[in-house]
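Turn these sequences into a full structure, and let the hints guide you.
When we follow my numbering, the leftmost residue of the sequence shown carries the number 1, and every step to the right adds one.
Keep in mind that the hints were calculated from the coordinates and are not lab data.
Don't take every hint at face value.
Think about it this way: if two alpha-carbon atoms lie no more than 30 Å apart in a straight line, the pair counts; the simulated DSS-like pairs of lysine-lysine are [stated by the list, open to error]:
{"hint": "1", "residue 1": "Lys150", "residue 2": "Lys162"}
{"hint": "2", "residue 1": "Lys162", "residue 2": "Lys179"}
{"hint": "3", "residue 1": "Lys179", "residue 2": "Lys150"}
Since we're looking at a predicted model, the values are computed, not measured.
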Amino acid sequence: MRVLIAIPHFVRGESASRPQAKDCGIQRRHGSLDARVEHRVEALTACLASLRLHFHDAHVCIEQRTATARPTPAQGPVTVSVIVCTTGGQHALDRLPAEVRYFTHKNHDVEPELLGFTCHDVLRENLGQFDYYGFLEDDLTLVDPWFFQKLAWFNALAGDDKLLQPNRFEAGLGRLISKVYVDGALAERVTDMFQNIHDSPPLTLNALGQDVPFERTLNPHSGCFFLNARQMAHWVRQPHFNDRQSRFIGPLETTASLGIMRAFRVYKPAPACADFLEVQHHGTGYLDQLCAPEQENRP
Numbered sequence: 001m002r003v004l005i006a007i008p009h010f011v012r013g014e015s016a017s018r019p020q021a022k023d024c025g026i027q028r029r030h031g032s033l034d035a036r037v038e039h040r041v042e043a044l045t046a047c048l049a050s051l052r053l054h055f056h057d058a059h060v061c062i063e064q065r066t067a068t069a070r071p072t073p074a075q076g077p078v079t080v081s082v083i084v085c086t087t088g089g090q091h092a093l094d095r096l097p098a099e100v101r102y103f104t105h106k107n108h109d110v111e112p113e114l115l116g117f118t119c120h121d122v123l124r125e126n127l128g129q130f131d132y133y134g135f136l137e138d139d140l141t142l143v144d145p146w147f148f149q150k151l152a153w154f155n156a157l158a159g160d161d162k163l164l165q166p167n168r169f170e171a172g173l174g175r176l177i178s179k180v181y182v183d184g185a186l187a188e189r190v191t192d193m194f195q196n197i198h199d200s201p202p203l204t205l206n207a208l209g210q211d212v213p214f215e216r217t218l219n220p221h222s223g224c225f226f227l228n229a230r231q232m233a234h235w236v237r238q239p240h241f242n243d244r245q246s247r248f249i250g251p252l253e254t255t256a257s258l259g260i261m262r263a264f265r266v267y268k269p270a271p272a273c274a275d276f277l278e279v280q281h282h283g284t285g286y287l288d289q290l291c292a293p294e295q296e297n298r299p
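Spelled out as structure tokens, the structure:
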């Protein structure tokens with residue numbers, strides 16, 4: 001399986017203060033708005049390393065009896081090609097460790113908020129050359145080696161008109177909660193101009209003897225998407241493809257979510273099995289906003 005992933009990467013040159021949580025209200029956290037370059041380097045390194053470590057065409061196993069390492073072809077080989085898209089000199093690619101500099105760098109003369117749309121163009125330019133086409137924000141990591149096999153399994157059973165999105169999570173020890181899924185349901189009015197979640201029912205599919213429920217999602221945002229070749233060909237034929245209109249929350253959410261929401265029926269694993277398909281958000285910006293519930297005053 002050949003996979004192409006386009007990653008938008010932008011680092012602000014000026015300092016930017018991070019919003020503080022108030023009254024336990026959960027605010028959206030955008031890694032690209034973090035001006036601390038070392039944090040951005042750490043996030044992008046983790047992103048690129050995860051793609052190199054978890055997706056390959058062979059496994060190498062140490063044979064103890066002969067003290068040799070032997071490669072074994074993978075049952076479901078996945079090879080990933082990565083294109084990192086930047087604008088001007090506002091990036092931190094020169095600070096990445098050599099081990100993750102396996103990507104192709106494409107610089108574009110666009111405003112930073114349009115950078116995600118250029119990633120869509122890059123995917124379209126490579127139509128017909130890959131089995132999967134992905135968009136991935138630079139602070140996300142894929143940690144499931146069976147990620148793309150799960151997507152293919154879902155579409156084989158549910159059809160290509162449906163798109164399965166991963167649940168995005170943060171994790172960290174020493175906090176009130178060690179793991180939290182950050183993209184819960186939005187008010188229906190936020191997305192009802194782009195999708196009708198009532199036009200297809202919830203699904204329950206059997207995987208490894210376990211029933212796995214999937215729901216039409218009121219929040220299609222995951223900071224990423226992955227389309228098979230047929231879905232990518234369908235998307236680029238839509239009149240709204242890459243129209244560069246930021247109509248869903250903001251530019252970052254639009255480039256990651258609006259196009260797929262308008263072209264497909266978007267599903268996510270139901271909360272009870274949220275970890276069936278997931279992607280990790282770097283850092284603990286959401287986790288750190290969680291507060292302990294207030295104790296009732298008792299006489």
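Is the straight-line distance between the alpha-carbon of lysine 150 and that of lysine 162 30 Å or less?
-> holds (14 Å)
Pair hint outcome, lysine 162 versus lysine 179 [Cα-Cα no greater than 30 Å] | Given that 30 Å is the threshold and the Cα spacing comes to 28 Å, the pair holds.
CA of lysine 179 to CA of lysine 150, is that 30 Å or under?
-> Distance of about 22 Å is within 30 Å: holds.
When held up to the earlier numbered hints, the structure conflicts with none and fits them all.
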